[in-house]
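Enquirer: Single-letter residue listing:
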Amino acid sequence: MKLAVASGKGGTGKTTVAVSLALCATGNVQYMDCDVEEPNGHLFLKPQITERITCKVTVPVINEEKCTYCGKCRDICRFNAITVFGKTIMAFPELCHACRGCFLVCDEKAIDEGEREVGVVEKGSAGSISFCHGKLRIGEAMSPPLIKAVKKHIIKDALVILDAPPGTTCPVIATVKDADYVILVTEPTPFGLNDLKLAVGVLRKLDIPFSVIINRHGIGDDRVERWCAEEGIDIKMKIPFDRKIAEGYAKAQPLVETRTDLRASFEQLLEEIRQ
Amino acid sequence: MKEIVVLSGKGGTGKTTMMGSLAVIVPDKIIADCDVDAADLHLLLEPEIKEKHDFVSGVEAEVIPDKCTGCGTCVELCKWEAITLDETAYVEPLDCEGCGVCAHFCPEEAIMLKDKHCGYWFKSETPYGPFVHAQLGIGEENSGKLVSLVKNKAKEWGEELGKKWVIVDGAPGIGCPVIASLSGAHAVLLITEPTPSGLHDMGRVLELTAHFKIPTFVCVNKWDLHPEGAKAIEDHCDKNNVAVIGHLPYDPCVVKAMVQGKPVVSLFADSPVSVAIKEVWQKLSSILS
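Chains as they are written, first to last, in numbering that gives the first Met the number 0: chain S, 0 to 274; chain E, 0 to 288.
Be aware that a few hints might be false.
Which chain E residues face chain S? A few, computed with CB under 10 angstroms, are given here [claimed, not checked]:
id, residue
1, Val35
2, Pro64
3, Thr83
4, Leu84
5, Leu93
In short, the hints are calculated from the structure, not lab data.
Ideal Cβ placement from N, Cα and C applies to all residues, glycine included.
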């Protein structure tokens with residue numbers, strides 16, 4: 000079963016919830032951090048990394064000895080990664096989406112396969128939890144290829160907890176797309192509510208079942224709860240605003256270790272979702 | 000005109016709270032919300048929309064079933080595994096990258112490329128000055144392109160109006176929308192928090208802004224919740240020759256103002272956090288002037 004934790008708004012407590020779920024689950028569990036721009040799960044789970052795999056995408060390298068400057072590669076590329084003017088041709092590998100159109104369209108076979116490093120996938124374990132995350136190379140713009148590379152390491156038959164990036168666009172969709180269930184973590188503020196609505200829109204479009212956890216319950220107002228009630232969205236848990244939790248977080252202590260009393264709620268939540 | 004981008008790496012560190020307050024205290028500026036994935040700044044600025052424009056970007060492949068013979072060429076060529084084959088081919092819009100390879104190589108010319116309507120962008124007036132913002136359609140892509148568009152429109156408009164500053168709310172992370180928001184920026188104001196995640200994510204943004212050679216200034220939010228964490232952030236910044244120009248205290252006024260939909264400096268002008276935010280702007284503006 001694949002269970003994703005997402006939010007829309009950043010900093011609502013996705014990693015806090017995802018790590019807690021991984022620590023409270025029984026049996027074969029895998030924690031997978033798909034927030035490859037800013038992965039944080041490893042700070043709390045402190046895994047031992049045993050394997051590093053570099054993730055690359057194929058980009059064009061022009062062989063000017065063979066090139067006739069016909070411009071077909073430029074014309075097929077919708078991402079402006081190749082320009083041709085007169086007897087000059089230039090490739091911009093950082094703009095390339097790796098669709099391979101230019102390789103296919105070149106009659107002279109004048110385009111060789113180069114590589115652009117997107118980032119690295121790291122695997123290991125934290126106690127009995129299998130751990131995997133991706134780290135986007137600094138300066139790389141496209142995270143979905145790395146997220147897909149991370150997800151290639153999903154362990155079949157395990158309970159897989161997918162920690163999603165914030166937002167509502169391609170990186171989030173790449174993460175939650177084939178999940179069986181999504182937990183949306185929000186906070187009781189107008190920002191939390193605005194971004195929750197966007198995230199709910201995405202999940203409804205993808206047709207994935209979901210429910211909500213409200214974090215820092217008590218800091219703001221009750222508009223999130225009222226909206227969820229109107230929309231018939233189940234609120235599975237309210238994690239209280241508690242200075243002790245913030246202090247634990249500041250020491251990289253998982254929530255269920257700071258507040259062991261919350262373990263039972265996470266265990267029950269997992270049980271409900273499994274059913 | 001000088002352009003300042005507010006970033007954070009980690010989400011929820013107080014970027015939009017800072018932006019809302021800068022919108023109030025920075026004189027002679029235009030405001031841009033480049034966090035188009037999860038735009039929140041409009042909740043604080045009460046924008047009155049003056050112009051609404053379509054955002055059309057990229058293409059999406061669609062199979063014309065009557066022409067499709069089900070040969071499977073497109074399925075084989077699609078690097079995104081976006082096409083499935085039953086009797087005819089079907090392109091899943093959410094997986095389509097818009098590269099057009101399938102349409103180019105379809106022997107029956109049975110795939111058309113449609114322009115994608117990905118959302119809207121707006122020019123608005125607010126009580127604090129002109130504001131350019133956007134709304135990305137549910138589950139749409141091309142947020143980097145929308146970020147560039149919002150920023151360029153803000154710059155154009157700001158120049159027309161003879162403004163001195165462009166202040167830009169950036170996205171969390173270090174990927175496509177963040178990189179798009181950095182192009183042409185004069186400075187980055189990086190809001191972080193004194194936690195291991197805040198430190199880790201700030202470190203990655205600092206690497207990114209160093210890569211693009213953009214001067215970066217750090218502000219530690221809620222520093223007093225974990226002074227040792229704040230110290231770790233200062234040490235990291237010292238080591239990397241980055242100036243820490245502000246420490247904002249934890250202040251319940253922040254959430255109170257947010258709930259009322261107002262920037263904290265306008266609702267609680269004398270609260271500790273408002274005083275500290277004003278100091279940050281004083282320092283930043285004198286450094287950049």
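Enquirer: Take the hints in turn and mark each one as holding or not.
Expert: Okay, the hints, checked on the actual structure:
For Val35 (chain E), the interface hint holds, since its Cβ comes within 10 angstroms of a Cβ in chain S; the closest pair sits about 8 angstroms apart. Given hint, Pro64 (chain E) at the interface with chain S, is violated; its Cβ is 23 angstroms from that chain's nearest Cβ, farther than 10 angstroms. Because the beta carbon of Thr83 (chain E) sits about 14 angstroms from the nearest beta carbon in chain S, more than 10 angstroms, this interface hint is broken. With 10 angstroms as the threshold, the beta carbon of Leu84 (chain E) stays out of range of chain S, its nearest partner Cβ sitting at about 19 angstroms, so the hint is violated.
Hint on Leu93 (chain E) holds. Least Cβ distance to chain S is approximately 6 angstroms, under the 10 angstroms limit.
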